[in-house]
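*Asks:* Take a look at the letters that make up each chain.
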Amino acid sequence: MTHEVVRWLKPLTSLKLTIICLACAMVLVFLGTLDQVHIGVYEAENRYFKSLFLFWTLPNTGLRIPWFPGGYVIGTLLLINLIAAHVARFKLSWKKAGILFLHSGLILLLVGQLFADIFIDRESQMRLDQGQTKNYSESLYHDELAIIDTSGNDSDRVISIPDSQLHKGNRIALPTDSLEVLINDFYPNAALINPSQLPAANYPHLQLGPMADAVEMERTYKENERNEPAANVSVIQGGNVIGTWNLAAGFPRPMSFDAAGKACQIVLRPKRFYKPFAIQLLHFRHDRYAGTDIPKNFSSRIRLTDPAKHEDRESLIFMNNPLRYRGYTFFQAGFDNNDTTTVFQVAQNPSWLIPYISCALIVFGMLLQFGMHLVGFVKRRMVT
Amino acid sequence: MKKFVPWIIAILLLLWAVSKMMPAKEKPGLDLHGFGRLPVLVGGRVMPMDSLARVSLSEWNHHGVYTAADKTVIDPTQGLLDILMMPERSDTAKLFEVSNQDILDIFGAPDANGNFVSYSFDDLKPFFGEIEKQAGLAEQTEPETRNAFQRGIIKLRESLQLYLQLKNTIQAEDSPDFGEEIAAFALAIRPGLDAVHARDAGKPYNEQDFERILVLTERYKSLTQAKYVYAIPNPQEPAQNEGWQHISEALLSAIRNGHVPYAATAYGHLISAYRAHDVNSFNAALHDYRDYLSKTIPEKLSRPKLEFVFNQAQPFLQAMALYVTVLVFALLSWLIWPRTLGKTAALILVGAFLIHTAGLITRMYLQGRPPVTNLYSSAIFVGWASVFLCIILERLYKNGIGSVCGATIGFVTLLIAHNLQLDGDTLEMLRAVLDTNGWLATHVVGEALGYSAMYLAGLIGIIYIFRGLFTRSFDETTSKTLGRMMYGVVCFATLFSLVATILGGIWADQSWGRFWGWDPKENGALLIVLWNAVILHARWGGYARERGIAMMTVFGNIVTSFSWFGVNMLGVGMHSYGFMDQAFGPLIGFIASQVVIIGLGLIPLKYWRGIRARQSQAGAGDAEKGIHQRDAEITEVL
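Here the protein sequences line up with chains A and B, keeping their order.
Residues in the first sequence are numbered consecutively from 1, following this note's numbering.
Residues in the second sequence are numbered consecutively from 1001, following this note's numbering.
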């Protein structure tokens, strides 16, 4: 029985598999890097590295054919291979100690990154004008259709529908007051234009107001551009349409309506991540090298308030020096509006410590391994 | 006696190199060295005039030289003096180079077949409108998608703009004698201010005085538009612009303070003397001004002075020359007198390395930074580290391989650096995110060490293939030694690139909040790590023997070049500040050459000259088995 298992497991422990996986990883990384020129870092990350397979779409059919393993498949195979090899050939000896350390560091790193990738949506931004306070950050890539119940005294109740559910004809039941939302029309990316700029009066568009129409655009993958969807949505209660609105994420204006006596709002906006604390921008500084426009430092003095934890203090966020608080990291990512607006990248990564530990293990393992080789080598040379 | 021959040759060559680095004797006449040492603030740092001249010239033409109207090449500082003080002369100097045929067509130039065509400022004057228009159009295209014409025309406009700014650095270029103008201005301030005050108070005032001060104020205000180089020290206000002023600001401040700063007057004297071809007055005024500087801002003089000496010495050029000699001696040692010539090569290699080191350390001191801060310095450092490894290899094996590798990599990387130098100031200030010595010293230096080891391993691989395929000097010891060298160097490369890549992740976590962002440069580093892992595992598993490893290390050259230069050409991501595009052709050429070498390595062993020679020597001995014998001790590992 055990023999059977071992025989069956044997291929998983082989060095050949290691080499094939590593080579595939190289091809994947290379292709992904080249494609970043066309589809941007974020999209390439999703298609190549955070995916099971690379797909090739058959022209004119929409049929997606997997043609190369993606990052998750290669990473998992490598992980299994590594663990299997160690289990199968485990032998406690000094000669192998270095390799053991090195590989356990690698395992930790891979698992930690896989965990962080799958379970944490990390990329969001917080834009603050001088003096402004916010308790949420906004996604750079995703939007949400939010239905906000503003009838509460202290706080609003927000129901968020992710953009993955926003497509034409979708009917979404809300977990409250027997409300439903119907997406009558949806543009994944839209431009806001003046009605007079419409190519023709009957050109498909969503009217947002007397001065603005939304027209559909190609999705963009450029690094400094964002897709801003627009939609025509209806809110339905008990089969009756309460209201229908044209909404655009590029112009996130909440629309008010009344649902069985409760004052509510509906808005299409960048997806928000609420935090249990608030941050206010006190002052933004942009230092340049004397007589040049080369940035020397950006820094934001902020005030952090967290009533639950009795925190109310000032802090300085600058290049290479982020604010870490309650599992979040706020780092200086940019600025705007003539140096009066600061932009923080907000990352949530509870496993941030793992790379440090794995790094220590890997370095130690490598030094041990190569160190022993070197000592052996020098000894042999001394003899000859 | 024979024992000393290598030492004598090496010491003589080294002395020759050092003597070339000594500052040239000053010729009688204008004190060019004195002027070249004067400090100015450019691009956020204080540099000597000499550097300003060199950096500017390298922006304009690919040799970085000043070619006067009569086609003679003159000293950069002399050229700068013309630009600063006698622009009517420099306007006719052939400073600006254009090679793009589409741009040349604008000027109605005949087909240049891709060669550079030089123009003077005056030559280009009739086309300013068109250049401005085309550059404006080109600018509307995003930087990554600009074509060669668009990049070229924008660069040309920048070159002309820089030239205009330089002409207005210490004077207004249209002034017949700015020294006299400053003197007149100094006399006009007091009466002018009196007139202004009187007019404001509604009292009678001298209209002529009033008009004069008004006109001059307007004149110097418009001169501020040319602000680029800050030549006037302003020790009274050290907080403002780090204590430096443009000439226009100095003169405008004179209206507020009632007197012209001494430095502005001093430059005025220099201009008057220079324009009047009065060498003695020029040198005397320069002497006075330098006296003044050493009394007021002594702390700001030492680095520019050292930088001047460094510019004159050009240690990297001398090191390059020595590396070539090393290569000649080492290659010869494989043919004749292996011991003597090999030893000579090794000794010269050490000498070249010392000069290389001196240059590297001087740069570090001047910048106050770890050795790698930009693409240029990475080339210098990668070469340096490779040569260091090679010296160790040569000391261990004494077979000339270390010398050949060291000389080749040292020479090539310095040549690359020499070409990258043309992108501008190589001691430039660092953008905010890089402004951290700790990470520069660990992550960036570690990556560079990884690159050095990769190239070294790759070069040993090339030597393995070439010697095996083409020479009869490929006995079993040689091939085994080469195999062991490759393995050792690959281990070294793995160690450094893996550790440095992880450190990079930690840096990213510290400053950007994520460990790994799939940024192109990160991916490039990852590719190197992965490839090293492939090599090592292939060797441990016995899938690749010496020849296989040799071909793999040659492929490593491709991977490393992609990571070092290739990803920068993509122009995406957070690391894309080191962008460069002229290098695309050479990079493709290099990759193609490596592919050809790998192809040569694939030729069946029976055609290898080295193997055949060995077979004929050993009779029927199975040579293939010989090279394929692997190090039993290493396969034990996993």
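No wet-lab data here; the hints were simulated from the structure.
Worth double-checking, as some hints may not be accurate.
[Said to hold, decoys possible] Heads up, incomplete: computed chain A residues facing chain B, CB under 7 Å, no partners named:
1) THR13
2) LEU15
3) LEU22
4) ALA23
5) VAL27
6) VAL29
7) VAL37
8) ILE39
9) GLU45
10) ALA290
11) THR292
12) ASN320
13) ALA347
[Said to hold, decoys possible] The list that follows gives simulated cross-link-like pairs (lysine-lysine, PhoX-like), each with its CA atoms no further than 20 Å apart:
14) B/LYS1398 - B/LYS1027
15) A/LYS379 - B/LYS1480
16) A/LYS91 - A/LYS10
17) B/LYS1155 - B/LYS1203
18) A/LYS275 - A/LYS134
19) B/LYS1305 - A/LYS379
From the three backbone atoms N, C-alpha and C, an ideal C-beta is built for every residue, glycine too.
*Asks:* Taking the hints in turn, state whether each one holds.
*Replies:* Going through the hints against the structure:
| no. | hint | verdict |
| --- | --- | --- |
| 1 | THR13 | 10 Å, violated |
| 2 | LEU15 | 4 Å, holds |
| 3 | LEU22 | 5 Å, holds |
| 4 | ALA23 | 6 Å, holds |
| 5 | VAL27 | 10 Å, violated |
| 6 | VAL29 | 5 Å, holds |
| 7 | VAL37 | 5 Å, holds |
| 8 | ILE39 | 10 Å, violated |
| 9 | GLU45 | 5 Å, holds |
| 10 | ALA290 | 4 Å, holds |
| 11 | THR292 | 5 Å, holds |
| 12 | ASN320 | 4 Å, holds |
| 13 | ALA347 | 3 Å, holds |
| 14 | B/LYS1398 - B/LYS1027 | 46 Å, violated |
| 15 | A/LYS379 - B/LYS1480 | 18 Å, holds |
| 16 | A/LYS91 - A/LYS10 | 17 Å, holds |
| 17 | B/LYS1155 - B/LYS1203 | 54 Å, violated |
| 18 | A/LYS275 - A/LYS134 | 9 Å, holds |
| 19 | B/LYS1305 - A/LYS379 | 49 Å, violated |
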